[in-house]
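Asks: Use the sequences and the hints to build the structure in full.
Taken in order, these protein sequences are the chains called A and B.
Heads up: the first sequence at position 9 corresponds to 32 in my numbering, and the numbers run straight through without jumps.
Heads up: the second sequence at position 191 corresponds to 192 in my numbering, and the numbers run straight through without jumps.
Keep in mind that the hints were calculated from the coordinates and are not lab data.
The beta carbon of each residue, even a glycine, is placed where N, CA and C say it ideally should be.
Some hints here could point you the wrong way.
[Stated by the list, open to error] Between beta-carbon pairs, the in silico distance windows are:
| no. | chain 1 | residue 1 | chain 2 | residue 2 | range |
| --- | --- | --- | --- | --- | --- |
| 1 | A | G151 | B | R129 | 28 to 36 Å |
| 2 | B | R64 | A | I81 | 21 to 29 Å |
| 3 | A | D127 | B | G15 | 44 to 52 Å |
| 4 | B | N130 | A | A63 | 16 to 24 Å |
| 5 | B | K157 | A | G151 | 46 to 54 Å |
| 6 | A | T156 | B | N130 | 22 to 30 Å |
| 7 | B | S227 | A | G155 | 23 to 31 Å |
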Amino acid sequence: MALLPRLRRFAAGLTRGLADGDDLCQITIERALRSRNQWAEGTRLDSWMYRIMRNIWIDEVRASSRRRQTFVAEEEGVGVGAGGGQEQRVELSMVDRAMARLPDEQREAILLVMVEGYGYAEAAEIIGCPIGTLTSRLIRGRDALQKLLEERA
Amino acid sequence: MSITPEMLAAYADGELKLEERAEVDAAIAADPLLARQVAAHRTLREALSARFDPILEMPVPDRLSALLTPTAQEPANVVDIAAGRAAKRQREYARVTLPRWAAGGAIAASLAIGLVIGGKLPSGGSIRNVDGQLVASGGLETALSTQLASAQSDGKPVRILLSFKSDKGHYCRGFGAGATLGIACREDGNWRLVRIQSDSPATGGEYRQAGSADADIMAAAQNMASGAALDPDAERGARDAGWHN
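Replies: Here you go:
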């Protein structure tokens, strides 16, 4: 199991696009290699990398993408041709659009738990927040997503 | 007992303890509305998987994988603090200095593993992820458990370079498989990969000196070992005892 594809998936979800996600991946790997002395061997490498990625995203990428036109990204969706029929593609872009509308902190919680499969405790540790904060973001994000997807269905 | 939204979410995410889960199970059986909410959660999870999981199957762009090839790192004579410290420790065993990229080997290896191993580990030798740890499986696991460094026969897909006991008391083995070299340590019944590196040619047509990767592994092993490498009798004994430390 390679970690790199998982990092790409998480980055694409955070930045709402595969190209931006790959940029984030690149910065993350560079920083991880630079600060590898801080990684305690025997602890989970993936959580450590996710935490680095998430912090970079908060610091840099998000700040710059806010300056850009967020609306364009929202309307276009991520637009990754994942194969499948027209119907499936429509559905995928609905997920993209709904995700793009979530506040960042809710999207991040959804991605860590529902896409990356982390437990509440691990996800909270990656974000650096109490578990209660994580679960409330998760629940709010999930409700919002379900509502958005129902509206469009 | 009423079921809170938090409990229901935790139930759907598999975060509840056994007794709480039974409680929610009972409540769902009695309340179709709760059952619908749990179903909606599953549907959402599936929609997210359908959207994001294909990224895992997509080829990784070269600019990302290139970051993880050892030759892309700084020249070998630049030594950072950690490598310096490691080198100091290691001087008790041998006068070998680790190239800087070697210190990041574990991280680069874990990330690059799909790239390095992909197609290069022959005979079904493979690597699994157990709780975030990379462990040997398939042919590699079998070779690590059965083959002896002292009784090497040609033509085996996996070569055992040496066996030693780590300073943590685990049995460890340096191995080579095709163009991949590494060190695996016996922990909790698995061969945990503590180091993996590729012996593939450097970019730009430059080839690494033959055998230099073996030397890297030997140096790393010396750095980790609590004593000398196991002699043939000790190695055989450790194998026959199932590598228990």
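Asks: State for each hint whether it applies.
Replies: Outcome of the hint check:
The beta-carbon spacing between A/G151 and B/R129, approximately 30 Å, falls within the hinted interval of 28 to 36 Å. Here the CB-CB span from B/R64 to A/I81 is close to 23 Å, well matched to the stated 21 to 29 Å. At roughly 25 Å, the beta-carbon separation of A/D127 and B/G15 lies outside the given 44 to 52 Å, and the hint is violated. Between B/N130 and A/A63, the C-beta spacing of about 18 Å keeps the proposed range 16 to 24 Å intact.
Look at B/K157 against A/G151: about 48 Å separates their beta carbons, and that is inside 46 to 54 Å. A C-beta distance of roughly 28 Å is found between A/T156 and B/N130, which places it inside the suggested range of 22 to 30 Å. The hint said 23 to 31 Å for the Cβ distance between B/S227 and A/G155, and at roughly 45 Å that hint is violated.
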